[in-house]
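For the record, the sequence lines run as chains A and B. Residues 1 to 226 (our numbering) are what the first sequence spells out, left to right. Residues 1 to 208 (our numbering) are what the second sequence spells out, left to right.
These aren't lab readings, by the way, just hints derived from the structure by calculation. Heads up, the beta-carbon is just placed ideally off N, CA and C, and yes, glycines get one too. Mixed in with the good hints, there may be bad ones.
As the list claims (entries may be wrong) - Pairwise CB distance ranges, derived in the manner of DEER restraints: (1) B:160 - A:64: 35 to 41 Å; (2) B:122 - A:208: 57 to 63 Å; (3) B:9 - A:54: 50 to 56 Å; (4) B:104 - A:52: 46 to 52 Å; (5) B:105 - A:9: 28 to 34 Å; (6) B:119 - A:38: 56 to 62 Å; (7) A:17 - B:100: 55 to 61 Å; (8) A:69 - B:202: 27 to 33 Å; (9) A:208 - B:114: 54 to 60 Å.
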Amino acid sequence: MELIIHSFLNIFKFNQNLIEIVYLSLCISLAATILAAFVSIIIASQMAIKNFFGKGLLIIIVNSFMSLPPVVVGLILYLVFSASGLLGFLDLLYSPEIMIIAQFIIVTPIIISLSLKSLTDQYARLDDYFKTLKCSSKMIRHTIIYESRYDLLIIIITGLSRALSEVGAVIIVGGNIDNMTRVMTTSIVLETSRGELSLALSLGISLIIIALMMNFLIMIIRKKIL
Amino acid sequence: MNKVYALKDLSYKINNTYILKDINCNIINKSITVIKGHNGAGKTSFLRLLYGLDSPTSGHVYRNFDHDNTELSYLFQNSIFLNRSVKENLIHILKCKKISKRNWEDIILDALIKFNLAYLYNHNINVLSGGELQLLAVIRSILIQPDILFLDEPTNNLDKKNISYISKMIMELNNKGSTVIIVCHDELLLKNFEYNEITFEKGLLNHA
Numbered sequence: 001m002e003l004i005i006h007s008f009l010n011i012f013k014f015n016q017n018l019i020e021i022v023y024l025s026l027c028i029s030l031a032a033t034i035l036a037a038f039v040s041i042i043i044a045s046q047m048a049i050k051n052f053f054g055k056g057l058l059i060i061i062v063n064s065f066m067s068l069p070p071v072v073v074g075l076i077l078y079l080v081f082s083a084s085g086l087l088g089f090l091d092l093l094y095s096p097e098i099m100i101i102a103q104f105i106i107v108t109p110i111i112i113s114l115s116l117k118s119l120t121d122q123y124a125r126l127d128d129y130f131k132t133l134k135c136s137s138k139m140i141r142h143t144i145i146y147e148s149r150y151d152l153l154i155i156i157i158t159g160l161s162r163a164l165s166e167v168g169a170v171i172i173v174g175g176n177i178d179n180m181t182r183v184m185t186t187s188i189v190l191e192t193s194r195g196e197l198s199l200a201l202s203l204g205i206s207l208i209i210i211a212l213m214m215n216f217l218i219m220i221i222r223k224k225i226l
Numbered sequence: 001m002n003k004v005y006a007l008k009d010l011s012y013k014i015n016n017t018y019i020l021k022d023i024n025c026n027i028i029n030k031s032i033t034v035i036k037g038h039n040g041a042g043k044t045s046f047l048r049l050l051y052g053l054d055s056p057t058s059g060h061v062y063r064n065f066d067h068d069n070t071e072l073s074y075l076f077q078n079s080i081f082l083n084r085s086v087k088e089n090l091i092h093i094l095k096c097k098k099i100s101k102r103n104w105e106d107i108i109l110d111a112l113i114k115f116n117l118a119y120l121y122n123h124n125i126n127v128l129s130g131g132e133l134q135l136l137a138v139i140r141s142i143l144i145q146p147d148i149l150f151l152d153e154p155t156n157n158l159d160k161k162n163i164s165y166i167s168k169m170i171m172e173l174n175n176k177g178s179t180v181i182i183v184c185h186d187e188l189l190l191k192n193f194e195y196n197e198i199t200f201e202k203g204l205l206n207h208a
């Protein structure tokens, strides 16, 4: 009981260490999700309105990548960005940037796959309308993205939740360095192994609060749709 | 008489079932043509083939006009709207037609005022009644004066007063030189103007 009270006190007293970790986690995951959303929605909207050779195969690959194990992503990035790796000269290993790249790779297939369904449905609904107006591809893309805006927002929040809760890849490529690459999930792993359960629990509670806030946001958006 | 469309041995099948079979007929330029027939006779399919939304299984649709310089407009039986306000729905049409932004508000308000719908300007499409949606669909189809107007059941959900508005609008457009092709049974709409009639029976042309 004392442990739980202490954990909550850490949060309500705005423990400096805790705040820094939460802030870094949010910065990295938000950056990765925004980048992933930008790229994914462009790709998904193009896939929704165009028929091309290999589209079915591409959808299967993207869907398969949704369940890509984060540790595998971390391992591959480690090999590519380590000193002897292909992109080792960029010196990105153990930096927040490489953590953004790792989360970007994990989140992108999720956003593409989920938004493709929504955008394809909108395109099917509006297909005749576009034909009668002789809309350009650019106009069609803009319109279906705007028409799917609430669905896409929910999908992006889902992607952000995935990025925030991810631990396998960021611990490998980030190295869990204090004040530099230590995020909530990697910190929970470390503090638990060190027996610092109070801080670990504070971080866990913070993560749950953020998840609850995001679900609350999704509920508000859903209400707006329905 | 100048034909705007000429149909030669036109057939259209869906899942190996003939919807239209061996249709030969013409649509006269600057005329009003009314397509009649019982439910499932192939009227909507015929209109879609004329417009070019679908392609015939066999036969030809000859179009005697320049596609790039002819303004076509289509009112669907079940109107498709964007999930936005009335104003934004109409703006989208003007944007697609590359109308200068300066004129948007004037064009939209003029059209809405004509049908006494100016109060709906900022309303979201989801709060409109069936009749208001149908009128808005009609407004949208004539927002940019079309050279050829396709109307599929334009009087759905409308009361007598609004049917007479649409009737007047069709006459006005036709007097200005537009060709109007209507799928309709509503005698209230059709009684006010002269028209050529095409009647379908089970996918076959009854008389033209």
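For each hint, the structure was consulted:
1. With their beta carbons about 59 Å apart, residue 160 of chain B and residue 64 of chain A fall outside the hinted range of 35 to 41 Å.
2. Range check, residue 122 of chain B to residue 208 of chain A: Cβ separation about 41 Å, and the 57 to 63 Å hint is violated.
3. Judged by the Cβ atoms, the range 50 to 56 Å given for residue 9 of chain B and residue 54 of chain A is violated: they are separated by roughly 38 Å.
4. Judged by the Cβ atoms, the range 46 to 52 Å given for residue 104 of chain B and residue 52 of chain A is violated: they are separated by roughly 35 Å.
5. For the pair residue 105 of chain B and residue 9 of chain A, the supplied restraint of 28 to 34 Å is violated, since their beta-carbon distance comes to about 58 Å.
6. For the hinted restraint 56 to 62 Å between residue 119 of chain B and residue 38 of chain A, the CB-CB distance of approximately 39 Å leaves it violated.
7. Taking the beta carbon of each, residue 17 of chain A and residue 100 of chain B are about 59 Å apart, inside 55 to 61 Å as hinted.
8. A beta carbon spacing of about 59 Å between residue 69 of chain A and residue 202 of chain B contradicts the range 27 to 33 Å that was offered as a hint.
9. Restraint check, residue 208 of chain A to residue 114 of chain B: a C-beta distance of roughly 57 Å satisfies the suggested window 54 to 60 Å.
Of the numbered hints listed earlier, those contradicted by the structure are 1, 2, 3, 4, 5, 6 and 8.
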